[in-house]
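Chemist: Here are the chains, one letter per residue:
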Amino acid sequence: MQRDRKPKFAIISILLTFGAFILFVLATIVDPLSTYSNILMVAGLALLAASWGVYFIGGRSLQRAEVATENVITVIGCKGCDIREERPFSEGDYVFKEVGPCKKCAGTSYIRAIYAIPIKKD
Amino acid sequence: MPRGSGKPQKLAAISYIPWLGDFKLEINISTISILLNIVVVNMVNPVGQGLFPTGNDLSSIILNILWVVFFFSMILLFNQRLQIWTYQRNVEKATIKLQMLADKSREEALKSVQKYAQENIDIRSQVTSFLDFFTIEPVDRDPFGVLNRLEHLLDNRRDRFKAFVAQIAPKAGKAEAANTEDILEAAMALNFIFKVVRHYLILGKKTKSLMIFVQLDMQLPLIMKMAEAYFNAQKTFSAGKPIGDGLGPLVASKLMFGQPKRVIAEDIVCSEVDISNRKAYVLKAEGPGGLLGKPGEAVKRLVEDMGGKVARIFMVDASSKLEGENTGEVVEGVGAAIGDPGPEKYKIEEVATKYKIPLDAIVCKMDLEEALTTMKKEIVEASEIIIEKIKKAIVERTKEGDVVIIAGIGNTIGIGQ
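Going down the list, the sequences are from chains Y and H.
When we follow our numbering, the leftmost residue of the first sequence carries the number 1, and every step to the right adds one.
When we follow our numbering, the leftmost residue of the second sequence carries the number 1001, and every step to the right adds one.
Okay, chain Y solo, but in the shape it has when bound (with noise of 0.2 Å):
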């Protein structure tokens, strides 16, 4: 399930855990200023929770269910001419049903084909 997390959230959760490390290596190092060392161990630590909230927050939306969008389209033909039309599919289409006389020639309508074309999310 950690696969599902966005790959942005990884980079990030990791950077920021490398920085608290170099920051509370550098609060080690300039120990004779007591003053310094902890400022550095509280922006050190700040930067972990980030870290953990990055990884643990961040990462969720594809854990989310997704909703599959697309946009379905009926398309008309007729049996005596080679009209075709297009439109949304409403409830009750299906192939080959009858869906009056032709707006071309005195032919049947009929539903050629019904089909989806996803809609691409940002």
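I should point out that these hints are in silico values taken from the structure, not numbers from a laboratory.
Some hints could be false.
Here's a subset of chain H near chain Y, in silico, CB distances under 8 Å, partners left out [stated by the list, open to error]:
no., residue
1, GLY1145
2, ASN1148
3, ARG1149
4, ALA1239
5, LYS1241
6, PRO1242
7, LEU1250
8, PRO1288
9, MET1375
10, LYS1377
11, VAL1380
12, ILE1415
13, GLY1416
14, GLN1417
Sample of chain H residues facing chain Y (criterion: CB under 8 Å; computed from the structure) [claimed, not checked]:
no., residue
15, GLY1240
16, SER1253
17, PHE1257
18, GLN1259
19, PRO1260
20, LYS1376
21, GLY1414
Remember, it's a predicted structure, so these values are computed and weren't measured experimentally.
Glycine is no exception: its CB is placed at the ideal position from the N, C-alpha and C atoms.
Dock chain H against the given chain Y, drawing on the hints supplied.
Modeler: For chain H alone, kept in the frame of chain Y given last:
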């Protein structure tokens, strides 16, 4: 970029990052343990000698020992607990999502059935209890006649489904009743998936078994994909839209368009079509309801009625694609292209073998979700390619005056004839 090949190439490198996913938490926890040590060292010894005190005084020695003990205790003693916690957390999240999908699909099924139910009758309890309906597979330790027994059980199951739908949705016509059966099937599948995953989650918690969680976690991406496919399929069934699996019936419908039809087996219609001076018997499930029919029985009856004088049998069906293959790719082969549990396939193979009739298979590639959800444009376009291939194959592989059978296999929801 080839059709249907997922994410753009430029993201290929970055997509390897999730490979770190299985180790990320361990990395974080290891880092935390190291950093906590640093915190402890600095709190105890704020003006001391840093991360690893090198002095010979007692406090430095004690701090170094504490550091080592703490680090190794995290690695050796709590390692498995931490792993169990990680995997358990993933499985729990997936189970919650599966429960949500199962609940939503039950509500969707109720909503669909309610349209055709009698007023003032509560169908909730009936539908909810029917979602646990099961079928016990026949014993196969003695395989003799196992397919006959399986067919008998499948017939029983279908009859029970039809009777249940007729009982709760008496206002539904034939097509609506067939669609309602499909809607219930999808809800049952989701209910079953949720219950199985929940079972292993609880079992893993009870036994504290890392292996149960690891196995479950590794399979979760595929399980979730399947569950989402069924969930989306249910919406398609509710609207009565044609699905990807309807490719076979679509091809057959196009071939038999405008010709008289007759019912030749349970829920199967057939037309006689002339293709390049050959007589073709084209058959499919009777649409536009969500039916599969008994195409095996239909092919068997046709061949037997003609005394086996059939030059070739062409079968058209949807086929599961391998990752990397394109949706809508048309591939030819030999054999009975039908994905039933066994009985229908067996009948076709048996009658073809008995009369030495060549079996040609033409399939269109798609994945599970595409097979169960609204038919994609690529699949509609593939139907035209398949018709051309069939016509070409008939001319090349049969003689004028021959008889051929063309069977469009699949769920015919949203496809009339």
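Chemist: The hint names H:ASN1148 as touching chain Y; please verify it with the least Cβ-Cβ distance against 8 Å.
Modeler: Hint violated; H:ASN1148 Cβ to chain Y Cβ min 35 Å, cut 8 Å.
Chemist: Mind checking the CB of H:GLN1259 against every CB in chain Y and telling me if the closest is under 8 Å?
Modeler: violated (12 Å)
Chemist: Can H:GLY1145 be said to touch chain Y, with a Cβ gap under 8 Å?
Modeler: Hint violated; H:GLY1145 Cβ to chain Y Cβ min 39 Å, cut 8 Å.
Chemist: Is the hint on H:LYS1376 kept, meaning its closest Cβ partner in chain Y is under 8 Å away?
Modeler: holds (6 Å)
Chemist: Against chain Y, run the beta carbon of H:VAL1380 and see if the smallest gap drops under 8 Å.
Modeler: Check passed: Cβ of H:VAL1380 comes within 5 Å of chain Y, closer than 8 Å.
Chemist: Would the hint on H:ALA1239 stand, with a C-beta cut-off of 8 Å toward chain Y?
Modeler: holds (6 Å)
Chemist: So, as I understand it, the hint says H:PRO1260 touches chain Y; can you test that by seeing if any CB pair is closer than 8 Å?
Modeler: For H:PRO1260, the interface hint is violated, since the closest Cβ of chain Y sits about 14 Å away, which is over 8 Å.
Chemist: Grab the minimum C-beta distance from H:SER1253 to chain Y and call the hint holds if it beats 8 Å, violated otherwise.
Modeler: holds (6 Å)
Chemist: Going by Cβ atoms only, is H:MET1375 closer than 8 Å to chain Y?
Modeler: holds (5 Å)
Chemist: Would you check whether H:PHE1257 satisfies its interface hint, that is, whether its CB is within less than 8 Å of any CB in chain Y?
Modeler: Cβ of H:PHE1257 sits 7 Å from chain Y, so the hint holds.
Chemist: Please check whether H:ILE1415 passes as an interface residue: C-beta within 8 Å of a C-beta belonging to chain Y.
Modeler: With a minimum Cβ separation of about 5 Å from chain Y (threshold 8 Å), the hint on H:ILE1415 holds.
Chemist: Holds or violated: is there a CB of chain Y closer than 8 Å to the CB of H:PRO1288?
Modeler: At 4 Å from the nearest chain Y Cβ, H:PRO1288 passes the 8 Å test, so the hint holds.
Taken one by one, the earlier hints fail for this structure at numbers 1, 2, 3, 18 and 19, listed in ascending order.
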